[in-house]
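2 protein chains.
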Amino acid sequence: MIVEVIAVGTELLLGQIVNTNATWLGSRIADEGWDAMHQQVVGDNRARLAEAIRVAMGRADAVVLTGGIGPTQDDLTREAMSDATGRPLQFNEEFATELAGWWQRRFGREMPVSNFRQAEYPEGAEQYPNPRGTAPGIGLRHEGTWLFALPGVPPEMQGLFDANVAPRLRAEAGDLSAIVSRVLHSWGIPESTLGERLDDLFTASTNPSLAFLASSAVIKVRITAKGRTEEEAEALIAPVEDEVRRRLGAAIFAVDRETLPGVVLERCRARGWRLAAAESMTGG
Amino acid sequence: MIVEVIAVGTELLLGQIVNTNATWLGSRIADEGWDAMHQQVVGDNRARLAEAIRVAMGRADAVVLTGGIGPTQDDLTREAMSDATGRPLQFNEEFATELAGWWQRRFGREMPVSNFRQAEYPEGAEQYPNPRGTAPGIGLRHEGTWLFALPGVPPEMQGLFDANVAPRLRAEAGDLSAIVSRVLHSWGIPESTLGERLDDLFTASTNPSLAFLASSAVIKVRITAKGRTEEEAEALIAPVEDEVRRRLGAAIFAVDRETLPGVVLERCRARGWRLAAAESMTGG
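Sequence order for the protein chains is G and U. The first sequence begins at 3 in our numbering and counts up one residue at a time. The second sequence begins at 3 in our numbering and counts up one residue at a time.
In short, the hints are calculated from the structure, not lab data. Hints may contain errors.
[What the hints assert, rightly or not] Output of the computed footprint for chain G on chain U, the stretches with three or more beta carbons under 8 Å from beta carbons of chain G:
#1 87-101
#2 251-257
[As the list claims (entries may be wrong)] For each label pair, taking beta carbons as the anchor points, the in silico distance ranges come out as:
#3 U:A173 <-> G:R230: 55 to 63 Å
#4 G:V257 <-> U:P156: 23 to 31 Å
#5 U:R143 <-> G:R248: 42 to 50 Å
#6 G:A173 <-> U:R230: 35 to 43 Å
[To be verified] Pulled from the structure, derived: some chain U residues nowhere near chain G, Cβ distances all over 12 Å:
#7 A38
#8 P131
#9 R143
#10 W189
#11 D201
#12 R230
#13 R248
Every residue, glycine too, gets a C-beta built ideally from N, C-alpha and C.
With the hints as constraints, model all of the structure from the sequences given.
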């Protein structure tokens with residue numbers, strides 16, 4: 003399952019905001035065990051955005067767009083989806099009525115006409131209610147490829163991804179593959195010496211795969227494996243990790259291991275939540 | 003002058019690091035008055051990287067790659083540049099000797115063979131010394147398009163961009179155009195109402211151009227103009243800003259104005275530097 007992220011917005015190209023949406027989505031896609039080969043950033047331009055969608059649909063199984071689905075004139079993601087798929091925009095009257103009612107209740111006035119654009123969707127698409135904002139997410143399966151449009155505001159994007167995009171892609175991926183990364187932090191060995199010592203491991207390995215991340219004096223060695231389960235991925239990593247540790251010795255001073263349950267736990271901690279587990283009838 | 007940034011590295015796709023290089027480069031490109039239409043992120047894969055370079059060269063006047071020029075086996079930017087341009091890799095013996103000497107002095111041992119890869123460059127390219135690291139930057143003018151390869155480590159990338167890339171592109175751009183943005187922060191007006199009030203300004207304007215940036219209750223209106231000088235760009239912004247202020251009234255609570263001199267001053271302040279200016283013989 004190859005998933006490509008397209009972040010939409012001229013402010014990203016101008017460097018006025020940092021593309022943390024791509025980082026968050028990349029990390030979630032990796033957690034789920036799906037592959038990411040490319041990311042794109044495009045400005046608020048209908049023709050260029052439609053072209054970016056076409057390119058992504060030609061090489062990925064699912065495309066996740068973020069940004070450009072608000073009510074203003076530079077929100078062009080719906081139009082570009084329509085252009086890229088040849089599916090005309092439809093109007094969801096029920097949602098529009100709901101939105102207009104919400105406006106009356108919240109602001110005590112008529113909803114501006116431009117807001118009705120948020121009720122539009124390419125023919126055949128699903129709309130996902132957005133509890134943190136007004137623009138609904140959009141999901142469209144077109145010629146075997148999933149195409150999702152999410153808001154650019156991070157909490158809205160994240161909520162819709164977890165509630166709607168991830169479950170649909172999990173169902174599509176069927177036998178969910180697990181991905182586990184181990185990152186060994188080394189210090190005091192220059193990058194090229196390290197590369198030389200691990201040369202054959204690097205060349206031979208596809209699963210697990212090895213990569214080096216250099217930042218000043220610390221060089222990280224990342225070992226990434228995929229399996230049907232996390233345990234299977236762990237079992238693939240273990241012998242390679244042992245070998246890397248043997249060759250680099252005392253230069254390794256720390257290790258990171260990030261997995262989906264680990265991330266969940268960390269997020270619970272960050273929110274001050276506690277996790278309770280109850281087990282019954284497993285005989286153990 | 004259209005400049006496209008390609009950030010290289012699987013760690014970006016996996017969301018393990020944030021793509022701040024693209025943000026920094028985007029902001030510098032805008033400061034210089036050049037256009038950015040697309041950004042790409044590609045993993046450490048030679049074929050996909052070569053294809054990304056080809057695509058970018060087909061639509062931009064200059065392509066800036068960051069990442070993938072270190073000494074290890076997953077550093078494939080040099081090879082991909084060679085593949086994309088059909089220019090075989092050459093070996094800079096002088097630089098290799100220098101690098102080997104530096105290794106002897108610094109580590110008191112032979113340089114690992116793999117480090118010699120950093121002395122390679124596509125036929126016809128320039129190499130730029132990297133005072134903050136070992137991998138030199140690369141600049142190649144191929145069929146009218148500039149192609150630059152910079153390191154992924156931010157301070158190394160930034161130093162090489164300012165010292166080598168920017169001057170070459172300024173010379174290329176000739177009559178340097180200035181770009182100035184004004185960002186008006188509004189509060190209390192919903193995005194769609196704001197869009198409605200500014201509709202005609204949005205539709206009519208190309209220089210200056212208008213954009214909306216929404217983040218929760220604060221909606222920012224960005225007015226961006228280009229001119230031959232900053233003053234010319236300012237003069238284009240002024241009447242549009244007045245009109246926007248007139249229509250939004252008290253909802254506007256703050257304004258940002260970022261220009262190249264402003265950024266320089268801000269950076270001086272951040273470092274605790276003071277700026278002295280001396281004027282003479284101008285008769286005023």
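Evaluated hints:
1. 87-101: violated (count 0)
2. 251-257: violated (count 0)
3. U:A173 <-> G:R230: 55 to 63 Å: For A173 (chain U) and R230 (chain G) the Cβ distance comes to about 56 Å; the hint holds.
4. G:V257 <-> U:P156: 23 to 31 Å: Check passed, 24 Å falls within 23 to 31 Å.
5. U:R143 <-> G:R248: 42 to 50 Å: holds (47 Å)
6. G:A173 <-> U:R230: 35 to 43 Å: violated (56 Å)
7. A38: violated (4 Å)
8. P131: holds (18 Å)
9. R143: holds (24 Å)
10. W189: holds (14 Å)
11. D201: violated (7 Å)
12. R230: Fine: 20 Å to the nearest Cβ keeps R230 (chain U) off the interface.
13. R248: The assertion about R248 (chain U) holds, with a minimum of 19 Å to chain G.
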